[in-house]
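Visitor: Single-letter residue listing:
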Amino acid sequence: MYELKPVTDRVKRMREKYRTTKPEICIARYRLVTEFYMNNPHLTGILKRAKNLQNICENIPVNIYEDEVIVGEQGFKYRSCALYPETGFAWIKSEIDTLPTRYVDPYDISEENRQYILDTYDFWLTHTHGAQADAYVPDFLYTHEGNGVTTFRSRGGHAAPVGHFCANHNKAIHKGFGAIRFEADRKVKELEAQGIPGTTIENYNFYRAVSIVCSAAITLTKRYAAEARRQLEACTDPVRRAELAMMADTLDRVIEKPCETFYDGLQCLFMYQTVLALDGNLHGLSFGRVDQYLIDLYEADIAAGRITPEYAQELLDLFYLKVAEVNKVVGLIPTESGPGYTSGQLMTLGGTDRDGNDATNAVTYMMLQTAGRLVLHDPPQALRVHPGTPAELWEAAIQTTKISGGVPTFENDAVIVPALMKRGLSAESARNYCLIGCVEPAGCGDEWPACGGPGAESYFNLANALYLAINDGFNPMPSRGGPPRKERVGLPTGYLKDMPDMEHVYDAFRRQVEFFVNLHCACANSYEYTTREAMPLPVVSATIDGCMEKGLDVMYGGAKYNSTGIAGIALGNAADSLQMIEHLVFDRKICTAAELQDALAKNWEGYEALHEYVKTKAPHYGNNDPEADKYVAPITEMFAKAVTSHTGPRGNRFAPGMYPVTTNILFGKQTPATPDGRFRGEPLADGISPVQGQDRHGPTALLSSILHFSNQSDYSNGTLLNMKFDPNSVKTEQDIGKLATLMKTYFANGGMEMQINVVDTRTMRRAQEHPEEYRDLVVRIAGFSAYFVELAPEGQRDLISRTELNL
Amino acid sequence: MTDRYMELTAPVFNVQTYSIHDGPGIRVTVFVKGCPLRCRWCANPESNLARPQLMTYAAKCTACGRCVAACPQKAVSIGTLHDKPCAITDRELCVECGVCVDVCPCEAREIVGREKTVREVLEQVLKDKLFIDASGGGMTVSGGECLAHPDFTEALLYAAKEQGLHTAIESSSFASEAVFDQVLRYVDLALLDIKHMDSDIHRELTGVPNEQILSNIRHAVHDLKKNVTVRVPTIPGYNDSEENIRATARFVKEELGPDVGIHLLPYHRLGESKNESLGKVMDLSVSVPSDEHMQDLKRIVESYGLYCQIGG
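Protein sequence lines, in the order shown, are assigned to chains G and U. Residue numbering for the first sequence follows my numbering, beginning at 239 and increasing consecutively. Residue numbering for the second sequence follows my numbering, beginning at 4 and increasing consecutively.
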């Protein structure tokens, strides 16, 4: 049976500190960047960004806290949070006073810091990248504002940097920035010797910038080494003294030179991540294949007797706590859809090597052990599985997910590798993929995937596209707090009441989807044009394969592979709604098209009987009923085709995904009542799942339904499937084996991703309050079957208390 | 057999997918309705009677009153249950016509049990073939008591085997030997209950003596050469004494053989909810057995050299 070993006292203390420290806004980075931008109006482009980072690395406070071994900080105190005004900043003025008290993820801020931000705020109104995007983005795109289908924001709302990628951490660890700087300097000299011919001036400046940021990263790391030595001098505890000496030695070497030990590797990973973030980007910054980077170092340490497995595990615990400590503050609306101080620094483990052999190693298990014994939901982890994944790893992973609630996610190599090859990656690169952000597959250190699009998040609400399709392109819902647009925001495709048959309905839907994909890609490409001018990323480009070879920043297409992601959401509502229109209006003639149209417009008011029929009697997606699932395949095929037909500014294809993170709630607020029985404003369906509470035949029926998805390997930007299980179904080793088989069967038949949520007591309590949303929750005990929501309150309480006892 | 066996029917109250505690692999469990036993702890009391029955779910009821208005028998009124307003059905007046079920907007009322054909049930089972095959699973017929519907159960098991499925039954073994033979013919694994070794107590707890049951189980192992697992629903204070568990283990070892395993199924109180839904009160007041107690009993069984597991 899988076992979690106890954490050390130090890790206990650090975990407690993590959990009890309220994050605070730190303006150290903000002040440095503001002064630099104010004093250097003459600098532009990549050299401005490089020198900005140099200034930060030379002057940002350097802290090593009690008990720490892995170090690196973006602010002046533990859990403090840096600000990144270069990307977008408009939200902070209106929210700064409520930040410390807001109901999700509050941040403290000192009066002095608050005042400094307000004093300098106006400067950034015209100097953020968001302002530049506002000024540039063509007017025609704004005429479709408020559509509720795409996420492209209104003027003044651009805030997100380009994120969602994985730098080449392996190069940082095994090559070092000293060697990269050497190459860059050599290129600079070569080009100078040739007279910087032709168009190489771009390359020349790129290499200059890379050289500067390599020095900056090395400088920062050596400042930490100096701090370790300063503390060493003052320290009397012999154990801590030895540790500080080790830290000083490591911090003097890593980043500049290749890592030699397991601890070097962890410290280098975290320091590079810190520098990447200090450069102005903490947005879906993913670590990639941590177990693969570190195994050689770990095995060498063990073989040489330099480290015990216990101490290595403790270091890994400390590394995770350090990653979890990092915060990124954003405005209230985006925080509401992703609360919990998460910064999305996803790690990948397991999978195969570049040749397709199982790559599970000791560090893979150590990562699960840490995630399980720290019981943290952050950092997130993604486990790659393939037919050769060892049974012990399946067990360890399922045991971990029981404790950590959905960590790790399970990612199917058999679907993802071909998906990435279709996107253009070589077989070797595809087999070396990692996951970005949430569930987005990408090359590990050799691709610029822009999984979340180039800046503004790239979500696409299929449910609203359907609503606009049957409402002549008008959206009656307010968008992002603003009033509803009176003007048409989509295509004039007519009204449901005038549509003679299902072909017309589907055709209107298809046209809206194609129109909005087109609109979205136009927005994304316009946005990326300004982003690359304002925010080239030399610290990323220094390591990602292709950039140094081509002499180009990732933002200019320097990476070996390129992509731009977009994520569809509300598949369940769209598929159910189309099917329901057919069922109600054309097939069974339960109501007329005009009646259904009116029912939706009135949010089902006055149509209670019809609504009840839809919710409780009519067929729904998710129950392995081919008739009810019939629109899943056409929708997923059509959306993928529409997306992949578009080209991005780096010559890449757009890549479709199907995952909402939590935008299904946000988008739900912008979506009118839909034919699947959803009320106006209610959340939309999650990922590729059916509408909440409408799958009633258990996990096998649900998975069979989902396998009606056209072809998940067309969705190289990832799909997401959340499965709920009651604790009785994952109790014993035998149960876990059967769950693993269930997942393997889904994967063997085309499933791409799955995450398991063992229902916790909080969910059970919610199910007591809202039984209609949890109709599918089955209690599984030998010879007994019942739905949780059908048990008497005592029975429900009994199960809740038993669940509490088990965990 | 001709194809007419596909049209045989029995009252079925649930076809449960992803059954993972009723035989090997991932299974579909078919619950038939109607049982000659009346175990006082019955976890599926809706399976006692063969006829369709009304079940009401207080947790889902919003006391909207539609059922009150619709009931032709005037059997429903709004009262209080679990400290909240709730539709209460007077079971003396109720004829289980199902009118209230049709009008209920919250699915708080349901008629459970419907005559289904072998064909219909098999079709439902085969929808999960992908997962059944991948896991080495199959179909289990449970209940109620499948021996109470021998023609249907035999036909269903036969039809499942025709489709290459592994078959199991979960049964009390309470039937004549002839019926037992008929049903077991197409069974790969028989999960057979022994609720008490003392026939008098057995009768007191379940309404029937155990001689026929024990004889059938012996018959299944020795004459029919079936793969048998003995299941003991473990009910604190009723059949969980060391003496009874030892007697059960001794019976299994000496009269069935050391290859027959025992599943100790810890009592759970969820049947109480279902009793409430049927408008009944459960005549049993026990708490669930502790994990330690179950482990003790397991060790006792294992001391006889038998395989034993807690739970299905």
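Hints are computed from structural coordinates only; laboratory data are not their basis. Incorrect hints may appear among the rest.
DSS-like, lysine-lysine: derived pairs with alpha carbons at most 25 Å apart [claimed, not checked]:
(1) G:K735 with G:K879
(2) G:K413 with G:K495
(3) G:K855 with U:K63
(4) G:K879 with G:K868
(5) U:K132 with G:K982
(6) G:K798 with G:K413
(7) G:K827 with G:K735
(8) U:K301 with G:K969
(9) G:K840 with G:K855
(10) G:K962 with U:K63
(11) G:K840 with G:K827
(12) G:K788 with G:K413
(13) G:K982 with G:K724
(14) G:K868 with U:K132
(15) G:K250 with G:K315
(16) G:K315 with G:K331
(17) G:K962 with U:K283
(18) U:K283 with U:K63
Visitor: Evaluate each hint against the coordinates.
Guide: Now for the hints, and whether the structure bears them out:
The suggested pairing of K735 of chain G with K879 of chain G is violated, with an alpha-carbon distance near 29 Å, which exceeds 25 Å. Simply put, K413 of chain G and K495 of chain G have alpha-carbon atoms about 7 Å apart, close enough for the 25 Å limit, and the pair holds. Only pairs whose Cα atoms come within 25 Å are accepted, and K855 of chain G paired with K63 of chain U is accepted, the gap being roughly 16 Å. For the given pair, K879 of chain G sits about 18 Å from K868 of chain G by alpha-carbon distance, which is consistent with the 25 Å threshold.
Among the hinted pairs, K132 of chain U with K982 of chain G is consistent with the structure: their alpha-carbon atoms are about 14 Å apart, no more than 25 Å. With a C-alpha separation of about 18 Å, the suggested pair K798 of chain G and K413 of chain G falls inside the 25 Å cut-off, and the hint holds. Proposed proximity of K827 of chain G and K735 of chain G is supported: the alpha carbons are some 13 Å apart, at most 25 Å. Annotation: proposed proximity of K301 of chain U to K969 of chain G holds, straight-line Cα distance about 17 Å (limit 25 Å).
About 21 Å separates the Cα atoms of K840 of chain G and K855 of chain G, which keeps this hinted pair within 25 Å; it holds. Distance restraint check for K962 of chain G and K63 of chain U: the Cα-Cα separation of roughly 20 Å lies within the 25 Å cut-off, and the hinted pair is therefore satisfied. Restraint check for K840 of chain G and K827 of chain G: the C-alpha separation of about 20 Å stays at or below 25 Å, so the hint holds. Pair hint K788 of chain G plus K413 of chain G holds up; C-alpha atoms about 19 Å apart against a cutoff of 25 Å.
Only pairs whose Cα atoms come within 25 Å are accepted, and K982 of chain G paired with K724 of chain G is rejected, the gap being roughly 50 Å. For the hint linking K868 of chain G to K132 of chain U, the alpha-carbon distance of about 20 Å falls within 25 Å, and the restraint holds. The straight-line distance between the Cα atoms of K250 of chain G and K315 of chain G is roughly 20 Å, inside the 25 Å bound, and the hint therefore holds. Taken as a hint, the K315 of chain G and K331 of chain G pair is honoured in the structure, with Cα atoms around 23 Å apart against an allowance of 25 Å.
Restraint check for K962 of chain G and K283 of chain U: the C-alpha separation of about 32 Å exceeds 25 Å, so the hint is violated. For the hint pairing K283 of chain U with K63 of chain U, the CA-to-CA distance comes to about 18 Å; that is within 25 Å, so the pair holds.
Hints 1, 13, 17 from the list above are not met by this structure, while the remaining hints are.
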